[in-house]
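Peer 1: Just so you know, the sequences run in chain order Y and D.
For the first sequence, the residue numbers in the UniProt record's numbering are 1 to 171.
For the second sequence, the residue numbers in the UniProt record's numbering are 1 to 497.
If you're looking for bench data, these hints aren't it; they were derived computationally from the structure.
Every residue gets a Cβ at the ideal spot worked out from N, C-alpha and C, and that includes glycine.
Reference excerpt, derived from the structure (chain D facing chain Y, CB under 10 Å, subset only):
#1 G440
#2 T465
#3 T482
Read off the chains here:
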Amino acid sequence: MSAPPAPPVRVPAWSLSRSAIWLWVTQGVIGTLVYGVLVAVVVLGVPESAGGPLPVLRWLLPVLLAVYAVLAIAVRPWIRYRVHRWEVTEETVHALTGWLTRTWTLVPVARIQTVDVTRGVLQQLYGLASVAVLTASSQGTVRVPHLEVAVAHRVADDLARRAEQVRDEAT
Amino acid sequence: MTTAPWQTAPEVTAPRRSSPLVVLVHTITFRQARQVVPAAIPVVAAVGIDGPGVVVGLVVAVTALSLLFAALTWWRTTYADTPGAVVVTRGLLARSVRTVPNDRIRGVEVEAPALHRLFGLVRVRVDAAAGAVTGGDEEVVVDGLTRAEGDRLRTSVLTHRRAAVVTDPSAPSLPEEEPAEEELARFDPRWLLYAPLVASYLAVPLAAVGALSRLLQELPAGLRPHLTGPDLTDTRVLVVGVVLALLLLALGAVLGAAVVNWGFRLVRRGGSLVAVRGLVTRRHTELEVDRVRGGTLSEGLGMRLVRAARVGALVTGLGAAHRRGQVLPLGPRAEAVRLLGLLVDDPGPLVAHPPAARRRRLARAIGSGLAVTAAGGLLTAGTGWWGLLAAGVVLTVLGVPLGLGRYAALGHVAGPRSFAVRSGLLVREQTVLQQRAVVGWQVRQSVFQRRAGLATVVACVGAGTGGYAAIDVAAADVGPFTEAASGSWATARGAGD
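Let the hints inform the model, and build the full structure from the sequences given.
Peer 2: Structure (structure tokens):
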């Protein structure tokens, strides 16, 4: 990738937990296994004598599966880790997510309504948790995935307390 | 909070039932019995319909069932408007109690559908703060009140709410007295002539024709009228037929618009905007001025030809905002702009987006056409059939005005106290928001946008659709725009840079 042009918004300072990479790798492996089973069913299920485009599928699907596996296991987790950033400042919560399309979300602490901490099954395995900062707008939600559990809880408590203090109408 | 003197009447807090007449209304419309229909169909199919006796029996049974359900529902539903909250209790077996605290009430709507009017009844909807996060229907409906009781409930709820907001019971400001009204807009029947150019009103007669033709097909052959079809080979007949059909369509659209919007009036009464409209069903919507965060001016393709527009208010915590927030359902653009100016300050003329945005709109508009052309080229080379190629070329050529039109619609501006974004070709929507409306910003940049130095900026708002986008803003303008539109916290380039 050539040097990207200047980002439209300041890039937040903090990275996620490094365990996030391994969680994404695990997700990639699971996804590959699921698709692998589907591909195997198709490849083994299509009879030799089938006409039309079906024989093409016999080699196209495994190739697609291989490409997906490389992308999802070896490439995407690292790109995601490099892209994902977050930061909590005096006034705002700020996060950058995505891997091809990048999304910055910026929410002032004064407009925070609730702060959620969630832990999925895989996240528990890696000791991670996600923080979601919700506002009155359905689109104004800052999601910071895969922080260390202790960090996530500290951030959530801190934000909830500060939001309580400086809350204006919040809508 | 101590109880204010006008709230002491004990019967105000006692649970009440709606008028028993509503049972008749619901029996006629099969409101509750409708739920049984899916279960009844297989039963009927198993029994089979033969002979008029069974049909009559069926009709009687269904009506009786409907009456029973309606009566049970009426009996098991009560409501109470206490000084602190509105409580609606319902449910045949599983009881549900819905309590809406007064400070969460955003407005009260009184509507009178045609059948309700016949019995002198109204339906009252109490809007609670929806909270875009939870979604769902956060409103409480009390159906089938007498008109007087409906008005009493509306006044009472709004009075309580004001008291809850003011929280100063020691100064009872005679809330029974209706504040002075100030008329902001009144519907001119001539505006109905715009209706044939508005897609949503054109859909009304088309839907009616569709329903009628289906009904005709379902009729037994003996009852269907035998019409000899006109001679379609004669051009004159064809032309007259098409002209007649278009006239009917236009008439249908005008009628549809008249039914919905007849007698529209927008008045300011105290701290509320009150909109009344409708020919058959009179709708009475009340919006709190304090909760207005901005407005949307939308113009369809046809409306732009005659410089017509509609205006909707963006109100925090208002469910079904598209219908209820309407401040001007249809009217001349100048009137629309004037009303929008009452809702929110005019931030000034829009700034056009950079040329890269035009290139991107064009690329997206002709992209699919080019793909079809390429596929058509392959097909032509392979089989000699050029139909797809021609279609692809036509699509590509049509894509050019489409892309240019989309680009022309783009714009944004930040004024001293408000800001605006605009986009859309078929329906061009210009949303103007107050600075305080913003609860967050979202900036999106796809791979292509990054190369072109563009970004899409979404202002997150706790009203309307929740987010309003300025599409393809120059990346360098994002920071200045967000900061100018919402204040210093949105400084994109902070101390860390």
